[in-house]
Amino acid sequence: EAGVTQSPTHLIKTRGQQATLRCSPISGHTSVYWYQQALGLGLQFLLWYDEGEERNRGNFPPRFSGRQFPNYSSELNVNALELEDSALYLCASSLFHRGAYEQYFGPGTRLTVT
Amino acid sequence: GQNIDQPTEMTATEGAIVQINCTYQTSGFNGLFWYQQHAGEAPTFLSYNVLDGLEEKGRFSSFLSRSKGYSYLLLKELQMKDSASYLCAVSDYKLSFGAGTTVTVRA
Chain S
46 EAGVTQSPTH LIKTRGQQAT LRCSPISGHT SVYWYQQALG LGLQFLLWYD
96 EGEERNRGNF PPRFSGRQFP NYSSELNVNA LELEDSALYL CASSLFHRGA
146 YEQYFGPGTR LTVT
Chain B
719 GQNIDQPTEM TATEGAIVQI NCTYQTSGFN GLFWYQQHAG EAPTFLSYNV
769 LDGLEEKGRF SSFLSRSKGY SYLLLKELQM KDSASYLCAV SDYKLSFGAG
819 TTVTVRA
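In order, the protein sequence lines correspond to chains S and B. Going letter by letter, the first sequence gives residues 46 to 159 in my numbering. Going letter by letter, the second sequence gives residues 719 to 825 in my numbering.
To be clear, the hints were calculated from the coordinates, so they are not data collected in a lab. No false leads were mixed into what you were given.
Residues from chain S that keep clear of chain B, each with C-beta distances beyond 10 Å, as calculated:
hint : residue
1    : Ser52
2    : Phe105
3    : Asn122
4    : Thr157
Partial list, computed: chain B residues near chain S (C-beta under 7 Å):
hint : residue
5    : Ala760
6    : Pro761
7    : Phe763
8    : Lys812
9    : Leu813
10   : Phe815
11   : Ala817
Values in this document were obtained by computation on a predicted structure and should not be read as measured data. Quick reminder that beta carbons are idealized off the backbone N, C-alpha and C, glycines included.
For reference, chain S alone in the conformation it holds in the complex (with noise of 0.2 Å):
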């Protein structure tokens, strides 16, 4: 069973620019969360999608934004590139096991802003 893939796997983007990150869950799974990982920093939680519905979203401002298409696949939209959203951006997506969401990882896209 292929698990969640993420793309690009690496994107540079200067200041100001908009970054478009792509997440295709495992294959079933009809949730997709998006969550940021600064360097040094811990997982930060950005967006929920179910059912092509967003459920939920951290805090994080409007800029950062994200849909879900009907096959289940996400994207995540960064506007107005700051340097400090510099950071791997993780997608996860779940499935409802044992009474909790189990959430499985995809390899990330590393984003530099310079």
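Use these hints to put chain B onto chain S, whose structure you have.
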């Protein structure tokens, strides 16, 4: 909100046992997860607890006490490849992560 605490670093010898504690205070809870993350890589799922008690998966075990807001991850028969960061995460549908515990296994 969520407040999740775990030690920053631990060091142990190959073949030994290490216990990583995690305490949490949360506004919502439907499970506690443990992930392993090697430097520069994505977290990989290790185990989770929804109910109180011990869950065992090979060399890894995880314990939960919901009334105490406490969990631990036990790593047995440590191997060099176990050197990594171990993340405690509380689920209320989304995951809220602790800062991670860096475990260094020495020969």
